[in-house]
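Asks: Sequence:
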Amino acid sequence: MKTKGALLREHNKPWAIEEIEIGDPKAHEIKIKMEAAGMCHSDHHLMTGGIPMAGFPILGGHEGAGVVAEVGEGVTDFEVGDHVVLSFIPSCGKCPSCQSGMANLCDFGAMLLQGEAVSDNTFRIHTAAGENVYPMTLLGTFAPYMVVHEASAVKIDKDIPFEIAALCGCGIPTGYGSSTRSGDVRPGEDVAIVGVGGVGTAALQGAVISGARNVFAIDPVEWKREQALKFGATAAFASVEEAAMSIAETTHGGMCQKVVVTVGEVHGKDVDSWMGITAKGGTCVLTGMGNMLESDVTLNLAMLTLLQKNLQGSIFGGANPKLDIPQLLSMYKIGKLNIADMITRQYRLDQINEGYQDMLDGRNIRGVIRYTEEDW
4 MKTKGALLRE HNKPWAIEEI EIGDPKAHEI KIKMEAAGMC HSDHHLMTGG IPMAGFPILG
64 GHEGAGVVAE VGEGVTDFEV GDHVVLSFIP SCGKCPSCQS GMANLCDFGA MLLQGEAVSD
124 NTFRIHTAAG ENVYPMTLLG TFAPYMVVHE ASAVKIDKDI PFEIAALCGC GIPTGYGSST
184 RSGDVRPGED VAIVGVGGVG TAALQGAVIS GARNVFAIDP VEWKREQALK FGATAAFASV
244 EEAAMSIAET THGGMCQKVV VTVGEVHGKD VDSWMGITAK GGTCVLTGMG NMLESDVTLN
304 LAMLTLLQKN LQGSIFGGAN PKLDIPQLLS MYKIGKLNIA DMITRQYRLD QINEGYQDML
364 DGRNIRGVIR YTEEDW
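Counting in my numbering, the sequence shown runs from 4 upward without gaps.
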């Protein structure tokens, strides 16, 4: 079928809305009519080259929700009309990682940036000229329709607003899980959240819900610091340097048992400053993405050893997509998790560049693209 999508044809150029052709679902695939797509910083990394896809053009978007429009052969868990969230980490349930309880490291993840469907290693999306299109993390939510493997979709209750559901494809479980799973925040612990955009605000809520004593929010944008206080932060600071003295005073020199780093772009030179506000025996969870081509890190290895600190990487917050996405949405339904106030603005697909500029300017916690009849 013919539709449209937001494509990148080279680095550091704006998104362009172009006609694309979406193939029919093959075995174990489903076609989805998209309703909403979240605008995550990771898609901006596609533009800058920080996340290198296997080729161009790239169809962006890895956070979204919609309705099943068609199912392929062998699909048993979904039927037409089901509401689904797209998980940017597929979960096959059969590989060694899934079976060992690490579904966020599913073996299908090895193909996330290749653009080829995991079902048969062919391309499902083409331009009007017939070029292969490389969808972000096997999805491409910046289009009104998509065809994905059933491992990349999670069925949800039909009474959940699509814009709310969309954020649970990446930002909510990634942030919340960074505190509750990767960070294992315990009641009474002191926690710092570095960067309080969409992922950071979810991490902040995870720390609060887990019973953290103090939650220190750190972000250079004043408006985001104000929002962090509304979401439960006990104090907010513009920089790690500004926060360090107050954290030391509040914790009587103990610092934070858990530090969760959810900045939009990680730089190796900053790692030691994050470790500096981490307590003895504490854990610094690195959730934000750095450039895949950079490998230099500033870190005092002696202090890492002598104070027995942990530097923990985290993808998807250590979450199990099929389990955690419905669970987080159930928490939203009973008022335990505030997702609605994280959505700052909604945009049309053709406003995508405006939306990303708002993100870069610090005007959004999360922007969401909403599809309408004009798009379908």
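Treat the hints with care, as some may be off.
[As the list claims (entries may be wrong)] Listed below are the simulated DMTMM-like cross-link pairs for lysine to aspartate or glutamate, each with C-alpha atoms no more than 20 Å apart in a straight line:
1) K16 to D361
2) K16 to E268
3) K29 to E76
4) K325 to D110
5) K336 to E377
6) K36 to E13
7) K97 to D110
8) K29 to D123
9) K336 to D123
10) K36 to E377
11) K283 to E377
12) K161 to E82
13) K158 to D85
14) K97 to E73
15) K36 to E268
16) K336 to E82
17) K7 to E268
18) K272 to E244
19) K36 to D353
20) K16 to D364
[Claimed, not checked] Okay, the calculated beta carbon distance ranges per label pair:
21) D364 to V300: 43 to 51 Å
22) S333 to T237: 25 to 33 Å
23) P190 to K16: 15 to 23 Å
24) A57 to A132: 14 to 22 Å
Keep in mind the hints are simulated off the structure, nothing from the lab. Built from N, CA and C at the ideal position, the CB exists for glycine as well.
Asks: Output the indices of the hints that this structure fails to meet, ascending.
Replies: 5, 6, 9, 11, 14, 15, 16, 17, 21, 23
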